[in-house]
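Peer 1: The primary structure of each chain is shown beneath.
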Amino acid sequence: KNQVEQSPQSLIILEGKNCTLQCNYTVSPFSNLRWYKQDTGRGPVSLTIMTFSENTKSNGRYTATLDADTKQSSLHITASQLSDSASYICVVSAIVGTYKYIFGTGTRLKVLA
Amino acid sequence: DSGVTQTPKHLITATGQRVTLRCSPRSGDLSVYWYQQSLDQGLQFLIQYYNGEERAKGNILERFSAQQFPDLHSELNLSSLELGDSALYFCASSPDRGTYEQYFGPGTRLTVT
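Keeping their order, the protein sequence lines are chains S and R.
Per our numbering, residue 1 is the first one in the first sequence, and the count goes up by one each step.
Per our numbering, residue 1001 is the first one in the second sequence, and the count goes up by one each step.
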């Protein structure tokens, strides 16, 4: 069964600290993996997209890694800011004739001053 | 601002009714995606249209239907509404069939009473 699991469910850190969010998936056949940031009540915003051949991708203070062998991805946030408080969602795409998009339930991050 | 517009922002209706949600993609984008986000289930992919044709189907109920018009705007029709249909409905667009970044609209919040 195609599944995407994220951990932790929620996380509280102090401003300026780093953190790492995890995403494990059992989606097949794998097409790409995306990380989104979603502020409460707003549409998700894309942070990174990685295909099978990519194992790291950065977007400012956000760095995503992908291990296609172990089917794991992580999102590392460096020097966190208050504005990083949001939900972070991992989405894995599969191509089975057409695209399928399987969403994780997200990690809720709160950054405190 | 992602460039994707959705109307209306909010919609309150009664069980058994039918509503239409509208989405205008970013200029030049050919794909439109519909997603549902409820409190207990997270984000779920409903359906994708590419240049007027259905491209991929997710967990869309038979009571729901969508279409993409020649000017590329899309409508999501929800009928025989139930309390459980209350959710945020997001539209996203991308320039291609599904490989690249998707840009999400601000969403339509549907409340069924």
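Treat the hints with care, since some could be wrong.
[As the list claims (entries may be wrong)] Restraint ranges, calculated between C-beta atoms of paired labels, are given here:
(1) 1113/R <-> 39/S: 23 to 33 Å
(2) 97/S <-> 1038/R: 42 to 52 Å
(3) 82/S <-> 1069/R: 24 to 34 Å
[Stated by the list, open to error] Here are the computed lysine-lysine pairs in the DSS-like style, where the Cα-Cα straight-line distance is at most 27 Å:
(4) 110/S <-> 100/S
(5) 17/S <-> 57/S
(6) 1/S <-> 100/S
(7) 1057/R <-> 100/S
(8) 1009/R <-> 1/S
(9) 71/S <-> 100/S
(10) 71/S <-> 1057/R
(11) 1/S <-> 110/S
(12) 57/S <-> 100/S
[As the list claims (entries may be wrong)] Partial list, computed: chain S residues near chain R (C-beta under 8 Å):
(13) 42
(14) 44
(15) 49
(16) 53
(17) 86
(18) 99
(19) 100
(20) 101
(21) 103
(22) 105
To be clear, the hints were calculated from the coordinates, so they are not data collected in a lab.
Since this is a predicted model, take the numbers as computed values, not measurements.
Cβ atoms here follow ideal geometry from the backbone N, Cα and C, with glycine treated the same way.
Peer 1: If a hint holds in the structure, say so; if it doesn't, say that too.
Peer 2: Structure-based check of all given hints:
1. 1113/R <-> 39/S: 23 to 33 Å: At roughly 27 Å between Cβ atoms, residue 39/S and residue 1113/R fall inside 23 to 33 Å, so the hint holds.
2. 97/S <-> 1038/R: 42 to 52 Å: violated (27 Å)
3. 82/S <-> 1069/R: 24 to 34 Å: violated (42 Å)
4. 110/S <-> 100/S: violated (30 Å)
5. 17/S <-> 57/S: holds (20 Å)
6. 1/S <-> 100/S: holds (13 Å)
7. 1057/R <-> 100/S: holds (8 Å)
8. 1009/R <-> 1/S: violated (35 Å)
9. 71/S <-> 100/S: Cα-Cα ~17 Å, so holds.
10. 71/S <-> 1057/R: Cα-Cα ~24 Å, so holds.
11. 1/S <-> 110/S: violated (31 Å)
12. 57/S <-> 100/S: It holds: about 22 Å lies between the C-alpha atoms, which stays within 27 Å.
13. 42: OK, holds: residue 42/S within 8 Å of chain R, min 7 Å.
14. 44: holds (5 Å)
15. 49: Given a least distance of 6 Å, the restraint on residue 49/S holds.
16. 53: Cβ of residue 53/S sits 13 Å from chain R, so the hint is violated.
17. 86: violated (13 Å)
18. 99: Result: holds, 4 Å to nearest chain R Cβ.
19. 100: Holds, because the Cβ-Cβ distance from residue 100/S to chain R comes to roughly 7 Å (cut-off 8 Å).
20. 101: OK, holds: residue 101/S within 8 Å of chain R, min 4 Å.
21. 103: Holds, about 5 Å.
22. 105: holds (5 Å)
Of the numbered hints stated above, those contradicted by the structure are hints 2, 3, 4, 8, 11, 16 and 17, listed in ascending order.
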